[in-house]
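*Asks:* Letter by letter, the chains look like this.
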Amino acid sequence: MLKRTHFNPSPLPYLLVTPQILITIIFFIWPASQAVFQSLLVEDAFGLKTEFVWFDNFIELFSDQIYFNSFGKTIVFSSLVAFLSLGTALILAATADRIVRGATTYRTLLIWPYAVAPVVAGTLWMFIFDPTLGIVAYMLDMMGYDWNHRLNGNQAMALIIFAASWKQISYNFLFFLAGMQAIPKSLTEAAAIDGAGPAWRFWTIIFPLLSPTTFFLLVMNIVYAFFETFGIVHAVTKGGPAGATEIMVYKVYNDGFIGLDLGGSAAQSVVLMVIVITLTVIQFRYIERKVEY
Amino acid sequence: MRKSVKAISMAMVMAALMLGIQITDSQAATEIQWWHAMGGVNGERVNKIADDFNATQKEFKVVPVYKGNYTETMTAAIAAFRAKKQPHIVQVFEVGTATMMAAKGAVYPVEQMMNDSGVKLDKSAFLPAVISYYQTPKGELLSMPFNSSTPVLWYNMDAFAKAGIKEPPKTWPEVEAASQKLLKAGFKSGFSFGWQSWVMVENFSSWHNLALGTKENGFAGLNTEFTFNNDSVKRIMGDVAKWQKSKVFDYGGRRGDSLPKFTNAECGMWLNSSAYYGGIKKQAKFKFSQTMLPFYPDIIAKPQNSIIGGATLWVLKGHPKGDYKGIAQFMNYLSSPEVQAWWHQETGYVPITTAAYELSKKQGFYEKNPGTDTAIKQLSLNTPTPNSRGLRFGNFVQIRDIINEEMEAVWNGTKDASLAMDDAVKRGNKLLRKFEKANK
Numbered sequence: 044m045l046k047r048t049h050f051n052p053s054p055l056p057y058l059l060v061t062p063q064i065l066i067t068i069i070f071f072i073w074p075a076s077q078a079v080f081q082s083l084l085v086e087d088a089f090g091l092k093t094e095f096v097w098f099d100n101f102i103e104l105f106s107d108q109i110y111f112n113s114f115g116k117t118i119v120f121s122s123l124v125a126f127l128s129l130g131t132a133l134i135l136a137a138t139a140d141r142i143v144r145g146a147t148t149y150r151t152l153l154i155w156p157y158a159v160a161p162v163v164a165g166t167l168w169m170f171i172f173d174p175t176l177g178i179v180a181y182m183l184d185m186m187g188y189d190w191n192h193r194l195n196g197n198q199a200m201a202l203i204i205f206a207a208s209w210k211q212i213s214y215n216f217l218f219f220l221a222g223m224q225a226i227p228k229s230l231t232e233a234a235a236i237d238g239a240g241p242a243w244r245f246w247t248i249i250f251p252l253l254s255p256t257t258f259f260l261l262v263m264n265i266v267y268a269f270f271e272t273f274g275i276v277h278a279v280t281k282g283g284p285a286g287a288t289e290i291m292v293y294k295v296y297n298d299g300f301i302g303l304d305l306g307g308s309a310a311q312s313v314v315l316m317v318i319v320i321t322l323t324v325i326q327f328r329y330i331e332r333k334v335e336y
Numbered sequence: 017m018r019k020s021v022k023a024i025s026m027a028m029v030m031a032a033l034m035l036g037i038q039i040t041d042s043q044a045a046t047e048i049q050w051w052h053a054m055g056g057v058n059g060e061r062v063n064k065i066a067d068d069f070n071a072t073q074k075e076f077k078v079v080p081v082y083k084g085n086y087t088e089t090m091t092a093a094i095a096a097f098r099a100k101k102q103p104h105i106v107q108v109f110e111v112g113t114a115t116m117m118a119a120k121g122a123v124y125p126v127e128q129m130m131n132d133s134g135v136k137l138d139k140s141a142f143l144p145a146v147i148s149y150y151q152t153p154k155g156e157l158l159s160m161p162f163n164s165s166t167p168v169l170w171y172n173m174d175a176f177a178k179a180g181i182k183e184p185p186k187t188w189p190e191v192e193a194a195s196q197k198l199l200k201a202g203f204k205s206g207f208s209f210g211w212q213s214w215v216m217v218e219n220f221s222s223w224h225n226l227a228l229g230t231k232e233n234g235f236a237g238l239n240t241e242f243t244f245n246n247d248s249v250k251r252i253m254g255d256v257a258k259w260q261k262s263k264v265f266d267y268g269g270r271r272g273d274s275l276p277k278f279t280n281a282e283c284g285m286w287l288n289s290s291a292y293y294g295g296i297k298k299q300a301k302f303k304f305s306q307t308m309l310p311f312y313p314d315i316i317a318k319p320q321n322s323i324i325g326g327a328t329l330w331v332l333k334g335h336p337k338g339d340y341k342g343i344a345q346f347m348n349y350l351s352s353p354e355v356q357a358w359w360h361q362e363t364g365y366v367p368i369t370t371a372a373y374e375l376s377k378k379q380g381f382y383e384k385n386p387g388t389d390t391a392i393k394q395l396s397l398n399t400p401t402p403n404s405r406g407l408r409f410g411n412f413v414q415i416r417d418i419i420n421e422e423m424e425a426v427w428n429g430t431k432d433a434s435l436a437m438d439d440a441v442k443r444g445n446k447l448l449r450k451f452e453k454a455n456k
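Chains as they are written, first to last, in the numbering used here: chain A, 44 to 336; chain G, 17 to 456.
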């Protein structure tokens with residue numbers, strides 16, 4: 044009798060997860076399946092004529108050298124953004140963790156850029172570095188360095204990497220700082236008594252203990268660099284010059300919304316989806332094992 | 017939980033009610049939605065045109081809505097059509113023409129619509145260089161020309177005086193010579209340009225009477241192929257790349273991105289649309305003028321004619337029959353000499369009818385503003401040939417980006433001119449085949 048009451052199926056748990064499942068279906072599963080379906084079609088822009096072509100869009104994609112170039116650009120871009128923003132944030136957090144006076148002000152200032160929307164961040168950087176009007180471009184010019192990211196692909200790439208990293212540093216900083224403050228002071232103090240300097244303490248105690256945070260941030264940063272940087276690229280370079288900054292997510296937009304090639308664009312977004320899922324799985328299965336919680 | 021479900025359903029009912037109200041509201045007054053891509057000052061001018069038209073009658077109300085730049089506006093209209101919420105009128109730039117043309121189920125050809133609504137359309141009133149761009153091979157007018165421009169050579173008169181350049185350059189060698197003088201006089205570079213595929217490939221070709229592609233630049237059929245990887249186009253690309261190194265030329269980005277170079281007097285000449293007249297007038301603190309595009313005298317003795325850019329108004333299907341009567345009246349108002357002459361003089365777009373051109377002449381506009389008739393003279397310099405009538409290639413929005421990309425690769429030295437143009441043609445042809453496949 045007792046058992047039965049105990050396991051009496053209650054609709055409550057199902058009801059409680061329903062909103063979440065609904066949201067997932069409406070905003071993720073449904074659009075994703077639409078993209079998969081669209082990627083098998085060749086369609087005119089208005090949707091008046093539709094032809095089912097199986098995997099033609101994918102075959103075309105993988106026989107296109109430009110697509111592989113875009114793939115390469117994305118790898119360079121995301122790894123540099125992740126490395127730069129994580130590295131800088133780590134240094135900033137380590138120093139912020141040590142200061143006593145004005146700590147709040149320092150932290151608040153560091154968190155600010157996170158409140159800036161990607162497009163706005165991109166526009167700011169675009170103005171600062173505009174080859175004709177930008178202040179930094181002007182100073183570089185005075186120092187004899189010819190800055191023109193509208194012509195020079197490497198400069199354009201560097202610019203969006205800086206802009207995208209700058210924007211993400213705050214987020215990383217916040218998590219690193221919280222992670223560091225969760226590390227018991229007794230550990231570092233004990234090490235200090237044993238004669239370990241600040242750098243040594245950081246590498247042997249703080250950094251290993253931070254690894255769960257670092258791992259989480261690595262996943263988040265890769266996802267950020269793959270998807271959320273669209274606004275920055277759109278505002279700063281629009282994928283140019285000569286496709287030098289056309290990362291995959293921007294190519295999806297360009298081919299789909301500018302070029303109105305919906306099938307090809309959908310195929311690219313399916314590939315992108317697969318890449319990010321694979322990356323996340325790899326990170327969780329292999330890298331996570333090395334993380335000490 | 018119950019409560020929140022209740023709240024959500026309440027909200028949904030409210031939303032549905034509000035939508036319902038909106039629908040009944042728009043039925044009460046015959047509104048005509050006009051989606052356009054004219055931002056800034058030109059947006060205000062579009063509003064004025066709509067307001068003035070609305071004041072002439074009470075039956076219809078034209079509502080202009082700014083939808084972003086040309087590509088954004090076109091994409092928005094297409095997305096709206098797919099969702100069955102399309103506007104009545106949408107402004108589409110000239111390279112979108114083939115895409116719109118192919119969408120037979122979506123587009124209501126303007127000529128047919130005017131005839132069906134009983135409003136007379138006199139095609140002979142329009143400038144041939146403008147109207148021929150938007151006609152079917154049989155001569156039917158598909159969309160209403162609205163804002164058309166053509167690239168010209170803008171030059172800084174004060175800079176020319178300072179550098180001792182007496183006459184504005186007519187040929188490419190003269191442009192180079194003038195640029196050298198400007199460099200010597202302390203300017204950072206000689207010239208720059210924008211909308212580069214349009215100016216330096218499309219118009220360069222028509223100006224030298226060279227074909228961009230087979231089948232009369234695509235006018236005669238979908239199975240067209242690009243041919244602009246010829247020696248003449250490669251030559252100008254190679255020359256510009258060489259000039260980039262010596263700063264005779266300095267690249268400043270696509271579209272109008274390089275405008276500040278000209279208005280800040282970093283360079284002395286700028287090749288771009290005549291429709292920058294309003295913008296330059298507002299920003300430049302020096303005397304400026306415009307002259308015709310340069311040419312290579314050893315390729316063609318006398319230049320042919322340039323082709324237009326800009327946009328036309330397309331009418332979309334799927335609205336009540338009565339609405340189209342209002343649209344026809346509005347189109348008629350829009351192309352009247354007074355409206356067109358005013359629009360032309362304010363913006364630098366060319367007058368699209370002969371009457372508007374004559375009216376501007378009579379008003380003494382060209383005498384007061386020398387050079388402002390360069391665009392129209394250049395467009396009607398000679399009777400258009402199949403090479404200089406315009407172009408009609410599918411997927412051209414995307415193809416133009418490909419050409420832009422390849423050109424940028426030439427300017428920054430990663431590719432030589434010959435290879436870049438061959439690649440542009442190869443990549444472009446691929447998209448043409450794709451378009452042909454999707455629009456069989």
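Check the hints yourself; a few may be wrong.
What the hints assert, rightly or not - Here are the simulated EDC-like pairs of lysine to aspartate or glutamate, each with C-alpha atoms no more than 16 Å apart in a straight line:
1) Lys-456(G) x Asp-189(A)
2) Lys-120(G) x Asp-99(A)
3) Lys-261(G) x Asp-189(A)
4) Lys-446(G) x Asp-189(A)
5) Lys-453(G) x Asp-189(A)
6) Lys-456(G) x Glu-331(A)
Stated by the list, open to error - One-sided excerpt, in silico: chain A residues whose CB lies under 8 Å from chain G:
7) Asp-87
8) Ile-248
9) Pro-251
Said to hold, decoys possible - Derived DEER-like restraints, expressed as beta-carbon distance ranges:
10) Thr-323(A) x Pro-336(G): 50 to 56 Å
11) Asp-438(G) x Thr-131(A): 50 to 56 Å
12) Met-173(G) x Leu-322(A): 55 to 61 Å
The hints are simulated quantities; they were obtained by calculation from the structure and are not laboratory data. Ideal placement from N, C-alpha and C gives every residue a C-beta, glycine not left out.
*Asks:* What hints, given by number in increasing order, does this structure fail?
*Replies:* As far as the earlier hints go, 1, 2, 4, 5, 6, 8, 9 and 11 are violated by this structure, in ascending order.
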